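> Sequences are here, hints too, so could you generate the full structure?
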Amino acid sequence: MTEQLVLTIVAATVGFVSAVLFCIGGFLNTSNKILLQSTPYWDFSVPVASSLAAQRAQYVIGALLLVFAFLLQVAAALASSTTPASLPSWLHAWSAIVFAVLVPTCLVAGGLSVLLYKTTMRKVLRLEEERRQKDETERGRLE
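Mind the numbering: the sequence shown is residues 4 to 146 in the numbering used here, read in order.
Hint data in this document are derived by calculation from the structure and do not stem from the laboratory.
This structure is a prediction, so every number in the text was calculated from the model and none was measured.
Every residue gets a Cβ at the ideal spot worked out from N, C-alpha and C, and that includes glycine.
A hint or two may mislead.
To be verified - Simulated crosslink set (DSSO-like; lysine-lysine; CA at most 30 Å straight-line):
1) K126 to K36
2) K36 to K137
3) K36 to K121
Said to hold, decoys possible - Using C-beta positions, here's what the derived DEER-type ranges look like:
4) V117 to V77: 42 to 48 Å
5) I27 to R125: 20 to 26 Å
6) P50 to S89: 49 to 55 Å
7) Y44 to S98: 51 to 57 Å
8) T16 to D138: 46 to 52 Å
Right, here's the structure in full:
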């Protein structure tokens, strides 16, 4: 094993741990926590909840992509450095490979981010409605 391979694997491993920690932060920002963060002393704030839900979606999808990128880096480090890749002729330029990966990755990541955002917002709004109903029920008992 060469020094280059050892350093590449070490770098990918450290990066992977970083990505896992990044994932944990995004995943732990649940719909319930977003509800609490977006409910100031006065009342629930839809714009704040929307912003927090969008951030959560972007963090989660970005973190998953980061983990996948590190896995690809490990695979690249383990791949043969002498065997040529069997790619179509139009993918022999580095810019073509970047474009061929970038476009579908952005489309899929964008779609998943929107889906996660909408799912999170639906849950946050449902939780807010449940909280309001509970508050009204408790106020009715006190009167």
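> Each hint should be assessed against the structure and marked as holding or not.
How the hints compare with the structure:
A C-alpha spacing of about 11 Å is found between K126 and K36, which places the hinted pair at or below 30 Å, so the restraint holds. With a CA separation close to 18 Å, the supplied pair K36 and K137 stays within the 30 Å bound. Proposed proximity of K36 and K121 is supported: the alpha carbons are some 16 Å apart, at most 30 Å. The supplied range of 42 to 48 Å is broken by V117 and V77, whose beta-carbon atoms lie about 30 Å from each other.
A C-beta distance of roughly 24 Å is found between I27 and R125, which places it inside the suggested range of 20 to 26 Å. The hinted window of 49 to 55 Å between P50 and S89 holds, with their beta carbons roughly 51 Å apart. Between Y44 and S98 the beta carbon distance is about 53 Å. The supplied range of 51 to 57 Å therefore holds. As the Cβ distance of T16 to D138 is approximately 49 Å, the hint placing it in 46 to 52 Å holds.
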